[in-house]
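Whenever a hint applies, use it, and build me the whole structure from the sequences.
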Amino acid sequence: MAYLNKAQYDYRRESAAARNLNNEEIAVEHGMTGYQAELISKLCAVRHDFHCNIDSIVKGGDDNSTSDEIENIEYEINESGLPELNISSMLLDADDMNGLVYEYGEDVPEDHDSEEFQNWYDDNYARIYSELEEVNKSIEKYLANIDNQYGTRWCPTGQLRIM
Numbered sequence: 000m001a002y003l004n005k006a007q008y009d010y011r012r013e014s015a016a017a018r019n020l021n022n023e024e025i026a027v028e029h030g031m032t033g034y035q036a037e038l039i040s041k042l043c044a045v046r047h048d049f050h051c052n053i054d055s056i057v058k059g060g061d062d063n064s065t066s067d068e069i070e071n072i073e074y075e076i077n078e079s080g081l082p083e084l085n086i087s088s089m090l091l092d093a094d095d096m097n098g099l100v101y102e103y104g105e106d107v108p109e110d111h112d113s114e115e116f117q118n119w120y121d122d123n124y125a126r127i128y129s130e131l132e133e134v135n136k137s138i139e140k141y142l143a144n145i146d147n148q149y150g151t152r153w154c155p156t157g158q159l160r161i162m
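Counting in numbering that gives the first Met the number 0, the sequence shown runs from 0 upward without gaps.
Think of the hints as simulated: they come from the structure by calculation, not from any bench. Fair warning: there could be bad hints in the mix.
Using 20 Å as the maximum straight-line C-alpha spacing, the simulated EDC-like pairs for lysine to aspartate or glutamate come out as follows [what the hints assert, rightly or not]:
1) K58 / E130
2) K136 / D94
3) K5 / D67
4) K136 / D146
5) K58 / D112
6) K41 / E105
7) K136 / D112
8) K136 / D92
9) K136 / E24
10) K136 / D67
11) K140 / D48
12) K41 / D67
13) K41 / E83
14) K58 / D106
15) K5 / E23
16) K58 / E105
Simulated restraints on C-beta separations [to be verified]:
17) Y34 / S137: 20 to 26 Å
18) E114 / A16: 35 to 41 Å
19) D112 / D54: 19 to 25 Å
20) N77 / A143: 16 to 22 Å
21) A16 / D106: 17 to 23 Å
22) R12 / K140: 23 to 29 Å
The C-beta atom is built at its ideal place from N, Cα and C for all residues, glycine as well.
Below you can see the structure in the form of structure tokens.
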């Protein structure tokens, strides 16, 4: 995976902000309120942060602020009159590795240096990552539906993703 330097990252951030403002204008022209358009832009930013930090969330290094932001924006969207976004329950059901290993996990191999533990860890990591990626995909699908309804382009295309 390639990483962006500061100038590239700043350019992408500024480009995304400009794109969101343009999408807000288009959405309002097609019947969305300004408040609703701002909520969708906010959802895009939160989804991006979530997508970029899935590894940390899986490991349990995230302080739940990203998940809390998603829950808050979902509540605001659902109250605003936009189509409902139903992803919070997916987040509430998701485990994290720190929790499984140290707090509530069952059948955790005791020897953390063993191959058995590594296999257990890898299996659970992959499961949790997949569950969280489903949250990301659900948000992207929601954004694609908004794009279809309002003539916008909020849904990420993946064209700029560096692999």
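Status of each hint after checking the structure:
| no. | hint | in the structure |
| --- | --- | --- |
| 1 | K58 / E130 | 13 Å, holds |
| 2 | K136 / D94 | 18 Å, holds |
| 3 | K5 / D67 | 27 Å, violated |
| 4 | K136 / D146 | 15 Å, holds |
| 5 | K58 / D112 | 17 Å, holds |
| 6 | K41 / E105 | 37 Å, violated |
| 7 | K136 / D112 | 34 Å, violated |
| 8 | K136 / D92 | 16 Å, holds |
| 9 | K136 / E24 | 25 Å, violated |
| 10 | K136 / D67 | 18 Å, holds |
| 11 | K140 / D48 | 17 Å, holds |
| 12 | K41 / D67 | 13 Å, holds |
| 13 | K41 / E83 | 15 Å, holds |
| 14 | K58 / D106 | 18 Å, holds |
| 15 | K5 / E23 | 27 Å, violated |
| 16 | K58 / E105 | 17 Å, holds |
| 17 | Y34 / S137: 20 to 26 Å | 23 Å, holds |
| 18 | E114 / A16: 35 to 41 Å | 47 Å, violated |
| 19 | D112 / D54: 19 to 25 Å | 22 Å, holds |
| 20 | N77 / A143: 16 to 22 Å | 18 Å, holds |
| 21 | A16 / D106: 17 to 23 Å | 46 Å, violated |
| 22 | R12 / K140: 23 to 29 Å | 24 Å, holds |
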